[in-house]
Amino acid sequence: MSWLGPVRTASGGMRRHKVQAVAIGMVLLISTASATLGLALLAASNTPFARAFGAQNGAHVTVTVNTARASTAALTATRGLAGVTAAAGPWSESTVRTQFAGQPNGQMTLAGRASAGGPVDDVVLNAGHWADGPGQVVLDGSPGGGGPVLGSKLTVTGVPGNPALVVVGFGNSVTYTADGWVTPGEIGRLQAPGAPRSAQMLYRFTHAASYGEVRADVAEVTRALPAGAVSGAASWLASENQATGNGAIMEPFVVAFALIGLVMAVLIVGNVVSGAVVASYQRIGVLKSVGLSPAQVVLAYLSRVGWPALAGCLAGVVAGNVLAIPVLHDSADAYGVGSQQVPWWASVAAPLGMLALVMLAGFGPALRAGRLSAAEAIAAGRAPRAGRGYAAHRLAARLRLPRPVGLGLAAPFARPARTAVTLAAVAFGATAVIFAFGLHSSLSRAAASQTRSAAIPVQVWQTGPGAGPGQAPTAAQDAAVTAALRAQPGTLHEVAQYVNQVKVPGVAGSPTAQAFDGDASWTGYGIIAGRWYGAPGEVDVNTAFLNQSGLAVGDTAAVNTGTAQVTVRIVGEVFHPSSEPLVFGSTRTLPGIATPANLWQWDVAVRPGTSTGAYVARINGTLGRGSPWRATTQHDGGKFYAIASGLIGLLALMVAVAAGLGVLNTVLMTTRDRVHDLGVFKALGMRPGQVLTMVVSWVAGPAVVAAAIAAPAAIALNTATVRAMAGTAQTGIPASFTQVFSPSGLALLSLAAVVIAVAGALLPASWAARARPALALHAE
Amino acid sequence: MRQQSMSGDVIRLDGVTKTYQTGSPPALADLSMDVAAAEVVAVMGPSGSGKSTLLNLIAGLDRPTAGTVTVAGRRIDNLSESGLARFRARHVGIIFQFFNLLDDLTVEDNVLLPAQLAGASRRTARARAAELLARMGIDQHRNDYPARLSGGQRQRVAIARALVNSPELLLADEPTGALDTATGQEIGRLLQQLNEGGQTLVLVTHDPALAEHYAARTIRIVDGRLARAGVPA
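Chains as they are written, first to last, in our numbering: chain R, 4 to 783; chain Y, 6 to 238.
This list has only true hints and no planted wrong ones.
Coverage of chain Y stretches by chain R, computed from C-beta distances (three or more under 8 Å per stretch; other residues unrestricted):
#1 63 to 73
#2 87 to 94
#3 110 to 117
#4 121 to 131
Computed far set for chain Y versus chain R, every beta-carbon distance over 12 Å:
#5 39
#6 80
#7 183
Per the computed footprint, the stretches of chain R lying under chain Y, defined by three or more beta-carbons under 8 Å from a beta-carbon of chain Y, are:
#8 396 to 403
#9 690 to 696
#10 765 to 776
These aren't lab readings, by the way, just hints derived from the structure by calculation. For glycine and all other residues, C-beta sits at the position ideal for the given N, C-alpha and C.
Bound conformation, chain R alone (with noise of 0.2 Å):
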């Protein structure tokens, strides 16, 4: 008490500086729950994994081989190969059509296992058992969500016989090694006729960090076996990312956003600190003059700014817990790990960090106050250093400018280091706020691209079940719908598309092959590099394919189709971020595929002036009940780029809220200064308007040169955020995307530093302005 009561008494209570107090709080709640956000997100993008994949001994390749070219021995004896740690398999598999419920229930590789457990890849169960009998088994994932649960029959198609199978369990591959696993005796039950016999090895490696240490470590094992025995192999870094997810996708602007707020706190609570020293010279002076320590002088003035920046970073721990949630929802579900949770040392870290980062700031100005001798500082009172800004002021005047705006223009001379902070406050919330509107027009066109929408307003999808084999459609109900799209005045453009898997030697993963049975050219994809396939034999492909096959754009690649083996060549990049790799072309470079089985959808493009709603209704009314084909209007983006704008434009207001609390601070610190030299004004008969406008012209130089720095550095942090959450999804990107700002746009966003200047500048330049002369000349 002895000690501290001084310490209470000299640092005034924050109840006289509500203002500094409420900017201090804003811009540390707004730093903290930015970097809460940014951390949670980051432990979201690792952690959960990386936990799974070691407790569960994850493997790092799924190698799937054709067991016609490869002996039980011989893959066997891969496990004693040069890097390989461990290895589990081989086990049979299989890739079968269900149905569920009487509805398709697509393909699902099935896996011959005899235990969940094992040296590689070892299945937690979630629910049920493991299959120990025939006609049962176990699926990936978690049971429920209008899906199969416990004791559900599932129905293989394209088999003989049709088996049933009942659902007895429900696992979790990290790695996703198979769909679903049954007895290793079920799989010869399971095979279609004269479908080629296949099997699965899972190995873990010394070394597989990276595509290029994986592709390494693959290449090993297919030259240890025969040739053609290798038919394809998976990685656990397409796994990683895919698990991963989009909050992993959104941190690069978080942790953008965060850094921001974090060099604005540590602008602003330096500034207020140094503000408040030197506006307290006579102050301090006086205090030291009855009996303060250096030390106590030091904990007064850091105490002014530890109160509110404790309580701004409380209520930004609790903000950023609150953001995290439906990012870490979105994010949980992608890894199929339960719900995920802000980690705890990240609500401790971040407010810790943000505080003691604040605390640092105000350290080296209250240390001057500090080590100033009474007398001096007694004598140095508030005043600016004489001839500062005088030449300013002297050129100002010589304009042909309103007196108010001249003498504001000048001001900022005066005090060029309290200047360099609002200019850089007013810098970094123009920044975000261009930012934001960049990324949400890169964004904007990534979900555009995407889902292809504007391009493919209608799509026709089966819906139910078909009247062929297996109620798979039949080719009447297929042609049926190629008359009515045709038939219709309305369509512009359409094209059938057939998917199938492809097997492309060499290839980590097994491509997935898209087959246009028509121009496609103008279904909107965007290209990243190169162009859209034209001629036979050419095709495009995804990032996902380059990355895992260490081609590029203009190599060749032999695809396996299953009934044929065809040399393409890759003329384009297409932007379609999965993890999957995918391969474009047109059904004549990828025979085989176009087969009733492999008819995914229709893609259309309507006239201009066509109402897509009436269109799908016109179609829909051709079909008719009976067809199991649906026409279906397309929307744009998803909930990934709804959450994402939400929180952008969320972080960017919050941050330019700041930045305007910042310049709001600064100038009242300066009114504060100047009080009586705005006495002086008024006693000469400056009118509350031309007091307004001065004091508000005090900021627009530091605003017009802060939007002049903004402009540039928003795009080059667009760019960086854009091709760094390209780069987390795995994905190039069209050039367009990241080039959203036209100049003119530019110019008018840049006008957000005047705006969060002056917004900031109004409220103390109103106050300026209704403060009456002469409490004004006697106030010092």
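Got chain R; can you put chain Y on it based on the hints?
This is chain Y only, laid out in the frame that chain R set:
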């Protein structure tokens, strides 16, 4: 363009009371007075008597709690802040004890400022400033900053600044209070010359000599009330 009231008084205060805080004694209590055109009136009284409050009310820098203040034929106690600012710019010049020059403006820019705020044309304002600086004998310092001038020179700049808009009324708050005796007398003589030219002047001062030598009439205020008005011998 100078204006005067119908009665010929430049200043008229009727029953003016000024209280700063409810419950505290008034700084001025029921004070009535007037000042005629071209008159020099000295306001004297001990510290805290209400002299500066009176000056603030006449200058329109503050408002009375009760009563009316009429200056240059215009009632100013009910004007808005903007109206008061316009009034000050056009009708009143104020000279302060500590000059209140703006350190970061040159001498000429300090003098020009009220004219510019009042919207005077650049050419007119410059001509008027040049004339006043010459009249005050400091035209050679027009490009200097106030910090380089002596106290007397600074007060001359302040007087020039107060006169730049040709106000009907010049208010001087302890104009020699921060000056040595010789310089104070110089400033006194300067103010006297201005009055001889027809300038109405109200001097707030502690200095009986200044009041005696230069004022036609002295008003004494004690505890916010008019003590007596007298004509110096």
